[in-house]
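Asker: Okay, here's what each chain looks like letter by letter:
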Amino acid sequence: MKLKSNISKIVSLVMLAVTLVSCKELPKEVEVVERRELCQYDDPAVYRSSYHSWIGKQPLKWRKVSQTEFRLLNYAAGEATQIAVGQVNGGGILANLNRWKREFDQEVLENLDGLETFEMLDGRKAYVVQLRGTFQKKMSGMPVKAEDWGVTGVICDVSGGSLVTVKMMGPEVEIENEQENLINFAKSLRLNILQTPTERSKKDTTEDKADGGGY
Amino acid sequence: MAKKKKNIGQYLLDFFSSFLLAVICLVLLGLLVWFSTLEMQDIGLSRALEKYYSHKTVFVIPEINGGKMIYLPLPGAYWVCCVLFVNMSLGGILRLRKGWRNIGVVISHMGIASLLLVGFVDHHESIHGKMEAFQGAKYDYATKFDYSSIEVSEFTAEGEKKRPYVIKHEMIKDLGDKMRRFTFKDLPFDLEVRHFRENVAVLNAANKVRGNKSGEIIDGFFLHPAEFDAKMDYFNYGCYLLVKPKNGEPDRKLLMCRSIGFPQTFDVDGKLYGIEMPNEIWNMPFSVDLINSVGEYYPGTQKASKFQSTIAWTGDDDEQDRIQTIKMNHPMRYKGFTLYQASWNEPVNGLEYSGFEIVTNPADQWPKVCLWISAIGLCFHFALKLSKYLGRETRKEKGSKQSDE
Numbered sequence: 236m237k238l239k240s241n242i243s244k245i246v247s248l249v250m251l252a253v254t255l256v257s258c259k260e261l262p263k264e265v266e267v268v269e270r271r272e273l274c275q276y277d278d279p280a281v282y283r284s285s286y287h288s289w290i291g292k293q294p295l296k297w298r299k300v301s302q303t304e305f306r307l308l309n310y311a312a313g314e315a316t317q318i319a320v321g322q323v324n325g326g327g328i329l330a331n332l333n334r335w336k337r338e339f340d341q342e343v344l345e346n347l348d349g350l351e352t353f354e355m356l357d358g359r360k361a362y363v364v365q366l367r368g369t370f371q372k373k374m375s376g377m378p379v380k381a382e383d384w385g386v387t388g389v390i391c392d393v394s395g396g397s398l399v400t401v402k403m404m405g406p407e408v409e410i411e412n413e414q415e416n417l418i419n420f421a422k423s424l425r426l427n428i429l430q431t432p433t434e435r436s437k438k439d440t441t442e443d444k445a446d447g448g449g450y
Numbered sequence: 127m128a129k130k131k132k133n134i135g136q137y138l139l140d141f142f143s144s145f146l147l148a149v150i151c152l153v154l155l156g157l158l159v160w161f162s163t164l165e166m167q168d169i170g171l172s173r174a175l176e177k178y179y180s181h182k183t184v185f186v187i188p189e190i191n192g193g194k195m196i197y198l199p200l201p202g203a204y205w206v207c208c209v210l211f212v213n214m215s216l217g218g219i220l221r222l223r224k225g226w227r228n229i230g231v232v233i234s235h236m237g238i239a240s241l242l243l244v245g246f247v248d249h250h251e252s253i254h255g256k257m258e259a260f261q262g263a264k265y266d267y268a269t270k271f272d273y274s275s276i277e278v279s280e281f282t283a284e285g286e287k288k289r290p291y292v293i294k295h296e297m298i299k300d301l302g303d304k305m306r307r308f309t310f311k312d313l314p315f316d317l318e319v320r321h322f323r324e325n326v327a328v329l330n331a332a333n334k335v336r337g338n339k340s341g342e343i344i345d346g347f348f349l350h351p352a353e354f355d356a357k358m359d360y361f362n363y364g365c366y367l368l369v370k371p372k373n374g375e376p377d378r379k380l381l382m383c384r385s386i387g388f389p390q391t392f393d394v395d396g397k398l399y400g401i402e403m404p405n406e407i408w409n410m411p412f413s414v415d416l417i418n419s420v421g422e423y424y425p426g427t428q429k430a431s432k433f434q435s436t437i438a439w440t441g442d443d444d445e446q447d448r449i450q451t452i453k454m455n456h457p458m459r460y461k462g463f464t465l466y467q468a469s470w471n472e473p474v475n476g477l478e479y480s481g482f483e484i485v486t487n488p489a490d491q492w493p494k495v496c497l498w499i500s501a502i503g504l505c506f507h508f509a510l511k512l513s514k515y516l517g518r519e520t521r522k523e524k525g526s527k528q529s530d531e
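As you go down the protein sequences, you meet chains A and B in turn. Numbering-wise, the numbering used here comes out as the position in the first sequence, counting from 1, plus 235. Numbering-wise, the numbering used here comes out as the position in the second sequence, counting from 1, plus 126.
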């Protein structure tokens, strides 16, 4: 009887100790003091996956958001504006610009004459199209319609029919405010091409730092 | 003569040093290993290890064949090993009759008990991480397995990142639907983290319909709880953030997920900040440059059977690269870090790729020593037994010869 009573006392004490230990809870407010040293993870030029193929200098007021299957770089601005960098293989510049025009129910272009142009991606010609009005399109089978909508689209042939597009879409008022940011961003875009160790060792490290950066 | 009454201490000592307890522990460990191996197919390696072998698991109920419960509650393997360690120490070493006849047994028991102690150290002190290396760049970091983090960085006007603040996994893993506020001494905002989930998908609101368990739509995207993929063995952590500027600017809502892979950005006080949710970044004291990686598949499958990598690596103290080939059972070791060849894939976008597992473990080489100790003990004991047997046989022969004479 005495033995059973002693054992039950020990068991009760152990269970009480376990219960007390497991009741620890973190506070509702925490001050964060730990900072990590920078490493190659923080260098946008270091290749981590196919989603890091393109990099550009992000305007301060843009918010970088999750990319999707067709949007290699994806940003938000203002209340409802989205900016997406995409890659299209095939169709040509004219066909893709006309596809955008049809979304605004506008007449298609016969040629690229008269369109605003500038240089991006090491001197390649980029075409700009400005679309305003009612946007109407089917997305995943569902019709999408937006009044007083705008698109500013930039399209550039990288090589042999492989196109890069930078498309900004949103309310007309917001689109007008972001024109300069869009063109500057497009001009800053570059492909994250890796160098072989031999080529890398030939480059001056100071030059590397100047080239780097840009989210 | 009346038997001397034992006190509670003696009963406990007898129980914990008994051979019966050792057998019970070994049977339990056998069951735990068997069930964990079966369940690993459904829930993945890391979750199976957490469920069966973690010190946080007191009891486990096995579930096999896609969640079918086996109503056989078993104690967690960690605690069974603790009991076995006590049992071996008391019964196999302390209470064993000492003498040259038993010295081999004592030594081998010491080796096994040390091995259990090594497991204890490994469980509590080792850290495992993964380094994904593509050809053509140097990698000096790994990401820790199953440890999420939230990193908050400021960017300079040129777009360069400053040293990030790190909110570690321990500070957010218990949140669920609750909220916790994080403050930073040098930043002009506080952060509220909520709705932390272990596994989510980031869905585009333009293409996907929100469900009951879906999170809020932010910038056209929302988080939805996703099933854990046992084959990928990959936790896609996610949460929602509220950035609260201290200067009265409006709050900003952000959506965080490990799979996004880069900082979600916003501006406060005219400066750009970014927040992202990688698995905890682990700085390495060396950098690795993948020269090439070679692999073979099992015939008719896409499962890699053999893979190895040749790397050029530079330690903190080194002036030049060292070239080394890493393959199965031939890891690289440097300053307490061990780098194993863990995975391999066909070249991605023309770039060769290798996945390395990085482990730090103060007890890294101890199992080898423990096994040598056990082996020496067993060899000594069996050598002793053999010599006794041979001696007995010789004496028998002599005896029978004498009787014949």
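Read the hints as simulated data drawn from the structure, not as lab findings. All C-beta atoms in this analysis are idealised placements derived from N, C-alpha and C, irrespective of residue type, glycine included. Misleading hints may appear alongside valid ones.
What the hints assert, rightly or not - To give an idea of the chain B side of the interface with chain A (calculated C-beta under 7 Å), a few residues: (1) Thr163; (2) Tyr265; (3) Asp266; (4) Tyr267; (5) Lys287; (6) Pro290; (7) His295; (8) Met297; (9) Thr309; (10) Leu398; (11) Phe412.
Asker: How about leucine 398 of chain B: closest beta carbon in chain A under 7 Å, or not?
Answerer: Holds, about 5 Å.
Asker: Going by Cβ atoms only, is phenylalanine 412 of chain B closer than 7 Å to chain A?
Answerer: violated (11 Å)
Asker: Does the interface hint hold: is proline 290 of chain B within less than 7 Å of chain A, judged Cβ to Cβ?
Answerer: Holds. Min distance 6 Å.
Asker: Does tyrosine 265 of chain B pass the interface check with chain A, least Cβ-Cβ distance below 7 Å?
Answerer: Holds, about 6 Å.
Asker: If you take the shortest Cβ to Cβ gap from threonine 309 of chain B to chain A, is it below 7 Å?
Answerer: Hint on threonine 309 of chain B: holds, closest Cβ of chain A at ~5 Å, below 7 Å.
Asker: Tell me if methionine 297 of chain B is really an interface residue toward chain A, meaning its C-beta lies closer than 7 Å to one of theirs.
Answerer: holds (6 Å)
Asker: Holds or violated: the hint that aspartate 266 of chain B contacts chain A, with Cβ atoms closer than 7 Å.
Answerer: holds (5 Å)
Asker: How about tyrosine 267 of chain B: closest beta carbon in chain A under 7 Å, or not?
Answerer: holds (4 Å)
Asker: Is the hint on histidine 295 of chain B kept, meaning its closest Cβ partner in chain A is under 7 Å away?
Answerer: Result: violated, 12 Å to nearest chain A Cβ.
Asker: Would the stated hint for threonine 163 of chain B survive a check requiring a Cβ distance to chain A of less than 7 Å?
Answerer: Because about 29 Å separates threonine 163 of chain B from the closest Cβ in chain A, which is outside the 7 Å limit, the hint is violated.
Asker: May I ask you to test the interface hint for lysine 287 of chain B with respect to chain A, counting a Cβ-Cβ separation under 7 Å as satisfied?
Answerer: With a closest approach of 5 Å, the lysine 287 of chain B hint holds.
In summary, the structure is inconsistent with hints 1, 7, 11 from the numbered list given earlier, while agreeing with the others.
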